[in-house]
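There are 2 protein chains.
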Amino acid sequence: MVHMKNNGIKWLLAAGMIGSAARAQSTASGVAAFRASVQSYAHANDVAIVHELSDFLAIPNLATDAPNIRRNAEHLTAMMNARGIASRLLESPSSGPPVVYGELRTPGATKTVVFYAHYDGQPVDTTQWVTPPWHPVLRDKPLDAGGQVIAIPTTPGSIQREWRLYARSASDDKAPIVAMLAALDALHAAHVPPSVNLKFFFEGEEEAGSGHLKSILEQNVPLLKADAWLFCDGPVHQSRRQQIVFGVRGVTGAELTVYGPSHGLHSGHYGNWAPNPVTLLANLIASMRNDDGRILIKNYYDDVAPITPAERRALAAIPAVDSAMRAEVQLGATEAKNAALVERIMLPALNLRGIRGGAVGATASNTIPTDATASIDFRLVPHETPEHIKQLVESHVRAHGYFIVDHTPTPAERMAHDRIIKMTWEAGYPATRVSMDSPLSRAVIRATEESLGTPIVALPTLGGSLPMYTFESVLHAPLIVLPIVNHDNNQHSSNENLRMQNLFDGIAVYAGVMARVGDYWR
Amino acid sequence: MVHMKNNGIKWLLAAGMIGSAARAQSTASGVAAFRASVQSYAHANDVAIVHELSDFLAIPNLATDAPNIRRNAEHLTAMMNARGIASRLLESPSSGPPVVYGELRTPGATKTVVFYAHYDGQPVDTTQWVTPPWHPVLRDKPLDAGGQVIAIPTTPGSIQREWRLYARSASDDKAPIVAMLAALDALHAAHVPPSVNLKFFFEGEEEAGSGHLKSILEQNVPLLKADAWLFCDGPVHQSRRQQIVFGVRGVTGAELTVYGPSHGLHSGHYGNWAPNPVTLLANLIASMRNDDGRILIKNYYDDVAPITPAERRALAAIPAVDSAMRAEVQLGATEAKNAALVERIMLPALNLRGIRGGAVGATASNTIPTDATASIDFRLVPHETPEHIKQLVESHVRAHGYFIVDHTPTPAERMAHDRIIKMTWEAGYPATRVSMDSPLSRAVIRATEESLGTPIVALPTLGGSLPMYTFESVLHAPLIVLPIVNHDNNQHSSNENLRMQNLFDGIAVYAGVMARVGDYWR
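So the sequence lines, in the order shown, correspond to chains A and B.
Our numbering puts the first residue of the first sequence at 168, with every later residue one more than the last.
Our numbering puts the first residue of the second sequence at 168, with every later residue one more than the last.
Okay, chain A solo, but in the shape it has when bound (with noise of 0.2 Å):
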């Protein structure tokens, strides 16, 4: 914290004098003791930890608000150098705000792992926001509990687990830095030594698309290597586990219109002869994908790897949420005869975001629409690409009959062909997925698990989608998303908040991963 004294590097020499005889030990007792030490630290400091936090997010952190974005980047930079980080800021040949980059070698250690957060954060609508985004404060309970404002207190230790700091990042990401930071500043206190060098990379456009990142990342192939990725962003369980994440599913999206006459005609008249864009469009969709989910694309599944046992086992010891989740969204089943929410998000999934043509309701007419429009978003799992997903599926519109045009058509391209159809595609990125076998995946979920002394959520992969997939393809390290903040966060949305004891037990997770990641890595 920058309250304290810069002693990193002391710390650090020492304990490199020490070297591995003042390791954490692995025992049983030895495992508890350290775990004991850590929520022992964090306990002692809560005060000075909050205060370290709320002072950090009381800078605004727009991407797009250049000053105040390097107000934050310097800041950063302030409480990395208090630990005796080597810290620099990485910054983009086309500006953009700066990645604050930091190392700390841990002498002997033979493996080197990155955390990577960001410290920019979403939007605000200040009309939405109780208290001022950049204005952090601590409520006794959530806001929606009817939590009122409490000054942060004086007395070390006396903040409760259950009070929740109210601010723009306040869970998104600024949280896990602070956290990675006591961490290092509890296994000072426990003369602990990481078991690893660390690298950290906090971004600082994160929450505005990354548009900077990748050349970041090519600018310093080099300074960036490592032998794992710790993401730490996103929340933690619903049911308040601990998860760790090792992958997520890639994404595309397209939009599809196809054409009818040129102006409606009337159903009557001309009904049965003219096409009809919406029964088209129905049609073409139903070609793609059943009732149950199942892609029926020709050769959309060859690419998709099965669920290894691994795999399957961590799925199933996942708290089930289905039944509660289905009551809460009123569903009477689910697709694919109620299959588990957990294994449907393994696969490729094809979803209709909308769909308009014509009217219905007040305005519907007898008539023949001239166009009807989908939009569909792909997720893709790992082996999947956007460009062999826009392939496959243009192969089967065009099985189907339909020219493909990336325009709005001209009379004499509409008379020129039977059936015609506008796509446009977008961008995308594959999915990432980390084996959960592999030493590094079990040495993660060992040192998480002893650093709480409970079992974890395991999640081979998030149903949803992070560009992951940029750093993997420049840097080639395998990626897992470690996790510390409430899910019920208010994520970007107004009111955002961080429950307490995330917080802690954040400290925690990062000091036992730091501590034992590289003892169990093997």
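These are calculated hints, taken from the structure and not from any lab test.
Just so you know, same-sequence chains aren't split out, so a pair can sit in one copy or run between any two.
With a straight-line Cα cutoff of 20 Å, these simulated SDA-like cross-link-like pairs (lysine to any residue) come out:
no.: 1; residue 1: K465; residue 2: A453
no.: 2; residue 1: K308; residue 2: S406
no.: 3; residue 1: K504; residue 2: S490
no.: 4; residue 1: K504; residue 2: A583
no.: 5; residue 1: K504; residue 2: R581
no.: 6; residue 1: K381; residue 2: V641
no.: 7; residue 1: K589; residue 2: Q497
no.: 8; residue 1: K557; residue 2: N533
no.: 9; residue 1: K308; residue 2: R407
no.: 10; residue 1: K308; residue 2: D655
Chain B: place on chain A using the hints.
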């Protein structure tokens, strides 16, 4: 015409006195002589006829405008009385515009024909009219060809065939009324009595949905007894050839809403698990109708009679508009391998009026939408009923696993069923179609062709729908549509107009049918 002396009764008595000896001769020379006589009458009286129509058009005629719609009825009664037609108003028990009814008995005639038209008009958006809708003006050519307003000339025989009269209901549907009455005058001038007993049924709220029609019909079944009804409404063929239409398709409609999660879910985290209502709806639509317009619902075609040889001959004789129409609406191909439009409209049709679910374009998000809605119209051919269509469609939907409700389902209903769908039905009505081989049909075709000396377009059915079944179901008489106005009349829209040649041809057609249909009907 109201300008003329009331000489109808005297004429009728005179016609009765000279009996069948005065009937128009059906030899080639007799046919030509009668045609010339009617044309000569219309030419010599063109100014008076146009004045009579213009005076009638000057009375605002919205069915909802009670005082003015009654002024129309009284004016029309006077026009009929002037021809010696015994006329009266048929009132609905629950108020509403009256039907103007009249009879003209022909001594010795064994058949009775009712001429139907309506004297009310579509609502107007006065901002879109170049001249006010109820201030009729004559123009020397169509407005969109630069037509200028000209005074109605004073010299008989000087009205040009391509001039147009602009006013609400100029075509739809006051012109046929004036043409019928002028036809009676022409018969009188030629000393030719009608060949059938004539009845006239002029409705006053056709454009407002005919809400009181059925009760008026039911209250006057004996009065309205007839061997045939001629519906004098709608336009002639786009080629400007006279058209006779022997049927209309029936119609019904439904709106279907299928449900996904009760609030939008992240497509990454819940895609492939929560049912996607857009894909459910697309799959349901695809199960109902293929790309060639074939309806896939079980037993759907059981009621459908094949096209008869007479119908097939008639279809072959209709000028094909398919290629020109495809070019006009920029279609490279039409359904069922460019099958002929006139054949297509002989079949039942399932048309998607529109579809809505989730979002497309800039507002699309990676979300599983909560619901999706489709609006469908069904075109019916003879022997199909809306009730049976509803049964077939609902059986189909149930066979696809849906529980059907007629309201937005409650949470409990949603939870109780794997799939739930809201279906709401419009009332609709069946088709009507008269055999083109019947003595009546052959008589109308022959009389019409002779009246103009040119071949006509005999259309087995309109693709569109008219509530003619109301008449058929109450009165059990065959109905044939005998329109006279130009197809490019801006019917229902602003700047409605009537082409003068269509008015004069219309007089010839109605005079010819009145004079001959009884003779040929055997």
